[in-house]
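Undergrad: The chain contents come next:
Number of protein chains: 2
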Amino acid sequence: MDFRFLKDLVVPAQTKIVLIVMDGLGGLPIEAGGKTELESAQKPNLDALAAQSALGLADPVAPGITPGSGPGHLGIFGYDPLRYEIGRGVLEALGIDFDLGPDDVAARGNFCSVDANGNLTDRRAGRIATELNVELVNLLRTIKLDGVQVFVETVKDYRFVLVLREDGLGDALSETDPQRIGVPPLPVRALNPDSERSARLVNQFVEQARKLLADRQPANMIMLRGFAKRPAIPSYAQAFGLRAAAIAVYPMYRGLARLLGMQIVNVVGETIADEFTALEQGWSDFDFFYLHVKKTDSAGEDGDFARKAHVIEELDAQLPRLMTLKPDVVIVGGDHSTPALLKSHSWHPVPVLVYSQYVRADGIAEYGERACARGSLGCLPAKDLMPIALANAQRLTKFGA
Amino acid sequence: MDFRFLKDLVVPAQTKIVLIVMDGLGGLPIEAGGKTELESAQKPNLDALAAQSALGLADPVAPGITPGSGPGHLGIFGYDPLRYEIGRGVLEALGIDFDLGPDDVAARGNFCSVDANGNLTDRRAGRIATELNVELVNLLRTIKLDGVQVFVETVKDYRFVLVLREDGLGDALSETDPQRIGVPPLPVRALNPDSERSARLVNQFVEQARKLLADRQPANMIMLRGFAKRPAIPSYAQAFGLRAAAIAVYPMYRGLARLLGMQIVNVVGETIADEFTALEQGWSDFDFFYLHVKKTDSAGEDGDFARKAHVIEELDAQLPRLMTLKPDVVIVGGDHSTPALLKSHSWHPVPVLVYSQYVRADGIAEYGERACARGSLGCLPAKDLMPIALANAQRLTKFGA
Chain A
1 MDFRFLKDLV VPAQTKIVLI VMDGLGGLPI EAGGKTELES AQKPNLDALA AQSALGLADP
61 VAPGITPGSG PGHLGIFGYD PLRYEIGRGV LEALGIDFDL GPDDVAARGN FCSVDANGNL
121 TDRRAGRIAT ELNVELVNLL RTIKLDGVQV FVETVKDYRF VLVLREDGLG DALSETDPQR
181 IGVPPLPVRA LNPDSERSAR LVNQFVEQAR KLLADRQPAN MIMLRGFAKR PAIPSYAQAF
241 GLRAAAIAVY PMYRGLARLL GMQIVNVVGE TIADEFTALE QGWSDFDFFY LHVKKTDSAG
301 EDGDFARKAH VIEELDAQLP RLMTLKPDVV IVGGDHSTPA LLKSHSWHPV PVLVYSQYVR
361 ADGIAEYGER ACARGSLGCL PAKDLMPIAL ANAQRLTKFG A
Chain B
1 MDFRFLKDLV VPAQTKIVLI VMDGLGGLPI EAGGKTELES AQKPNLDALA AQSALGLADP
61 VAPGITPGSG PGHLGIFGYD PLRYEIGRGV LEALGIDFDL GPDDVAARGN FCSVDANGNL
121 TDRRAGRIAT ELNVELVNLL RTIKLDGVQV FVETVKDYRF VLVLREDGLG DALSETDPQR
181 IGVPPLPVRA LNPDSERSAR LVNQFVEQAR KLLADRQPAN MIMLRGFAKR PAIPSYAQAF
241 GLRAAAIAVY PMYRGLARLL GMQIVNVVGE TIADEFTALE QGWSDFDFFY LHVKKTDSAG
301 EDGDFARKAH VIEELDAQLP RLMTLKPDVV IVGGDHSTPA LLKSHSWHPV PVLVYSQYVR
361 ADGIAEYGER ACARGSLGCL PAKDLMPIAL ANAQRLTKFG A
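Residue numbers (our numbering), protein chains in the order written: chain A, 1 to 401; chain B, 1 to 401.
Have a look at the derived ranges for each label pair, beta carbon to beta carbon:
| hint | chain 1 | residue 1 | chain 2 | residue 2 | range |
| --- | --- | --- | --- | --- | --- |
| 1 | A | Pro-44 | B | Gln-14 | 53 to 61 angstroms |
| 2 | A | Asp-99 | B | Gly-34 | 46 to 54 angstroms |
| 3 | A | Arg-189 | B | Phe-5 | 34 to 42 angstroms |
| 4 | B | Gly-33 | A | Glu-280 | 22 to 30 angstroms |
| 5 | A | Asp-285 | B | Gly-303 | 33 to 41 angstroms |
| 6 | A | Gln-14 | B | Ser-284 | 56 to 64 angstroms |
| 7 | A | Ala-129 | B | Phe-5 | 57 to 65 angstroms |
| 8 | B | Asp-8 | A | Ser-284 | 57 to 65 angstroms |
| 9 | B | Gly-303 | A | Gln-281 | 35 to 43 angstroms |
Don't read these hints as lab results, they were simulated from the structure.
Yeah, the Cβ is synthetic: ideal placement off N, Cα and C, and Gly gets one too.
All chains should be built: construct the whole structure from the sequences, respecting the hints.
TA: Okay, structure coming up:
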């Protein structure tokens, strides 16, 4: 779907759309023939909602493709993740709530260890503690580069973010991580002429960092990768005509939402119940609500089948609070699958339900992978869900006469 | 599907394909959990045909998009409606059976009311009667423009069609309707250099019309919009190698078919039975038959659930006459949904069946929205149906070695 096309169809309305994203929702049975995490969860409210919904399986990026969190979210947010790429540096900056400007070039940084000849001995500097990271980042913040604002921010352990701010900086830069030990980190090269100034600045930064860190073994050097600027991406207001709100406990998801012009609703606390309280409080101020549940993914990554099912049950218990608000459209889905069996993101399409007064309900009273596979939405690209939601919210006019 | 690619695969055959389009076929239950119009209709013949067919749900344009009649038909005719656009002026001209030439620029015209200062007081001239429209159109026909043929044709009430005929005229013109009252109609502007001559001609026409209509309150002015030429679109012969016939009672659908090079088969009478008589009479002369049923849509637009179901029953009663002719491929579907519940076109995908001797039948003995959602065609773009029909008619050869 081309946004220029869709934009022409958007009409104002008073309706409200809620998108619940359970991170890494899709799963697998532990034993062949068994149930998935979602199928084994006790979730009477989701099942009742499914009975009034159209069901399907959503491919976040494309069949067979395992998405990272960025592309996974872009898909269910209604964007083509193959068209809009979010660089690693940008994602890392979003993850620490750094407010990236439109021309900022962000990179993911690692502290690392080098020997007397400058050859890498540990690409992660022995996984130093975050406290030491903070101390070293303060050192790096003393670096001055000609005419450009420099930001260095601790992420966690051996990871930090570097941001250069100046109008017109290019982000087409090669990485300094050679991806193996026994060789020195690589110099940064400009991959197009517009990025030559950025390359010079970054190489100056690395050179000064090397001197500042010389006696700070094991963290006596840095590596930088994933140089990127914010993608030029239409906002929710531009693309869909929506005043959109984001409710998320983890910074990265708030950052992704901010990239799309969503406003962040403050969540007091960290539980799913706290997120629903934020939803209730923000209800009258927005047309669209993105509510993110992180812990399904964390449990999947940990291989904890039962805990993942339990997080789904926790969400289920809050669902009546949403339905009391009488939303016009509710989408429940995920940004990708994270089966506990695989302990990682996977390529499996994600079960999704679309509820509204005007949806052609499939009459399947179960929300689960196999139930959704029988649904009328079929197996669809995740990005197609937003036009369907807008249509059900009566926010799209007719195309053509 | 790219027509250049498909064309290379087309091979001659003696087989016959029939496409039955029930306008606005797709529906919704009136009450949650109830049946749709199609599901509640008594249609033993369609159900029996479904049992021998592959079933699916077709998206005329794209998920969530509500199509007008033009894009809806292009989709089920096998064309990408996002690639081939039919302008409002063209559709209006087709709707009165006007035989548009390839370079004709057509516009939809409204009679309107202006005050002494030329400001709009009624954009529809008090919805004047068609008889007065005919009289005023005769006045407008006296307008002569330098070197260009001018056609003015009554549509209905306050609506008319203007067509300018000259080689090389451009159609990139702004509209004169300001979409509100209290301001004067806008002059036409050329939106590209190729349309500057058209803009001058149209402005001359409007100026002369103003003088001719000066004392004809409430219809003392005109507005023009939807300037368009016929789209450059491959014909059924070019795209699919088919000698195609169109059987339709309403002019606009004959016009759409004519745009694609279909030949119009005369229908004596206006009923569905009359259309099947025309089908029988034309049977030996064509490879492909498009048979259009209008009244499903009209009933849906009127919010008349029972009447819509009854029109489907009327079609069902005629179906044996088609099957007696032993068609090789039959598609039954619609150009879009028009649920009586919504009283308008909608975005819901349209139930479709594809019958042939070689189809992989789903063995589902019901033609309805939920039955089709379980079918093996899944939820597919409507434009994919034509290649499937051609294949089943053994009119496509192998791709690649």
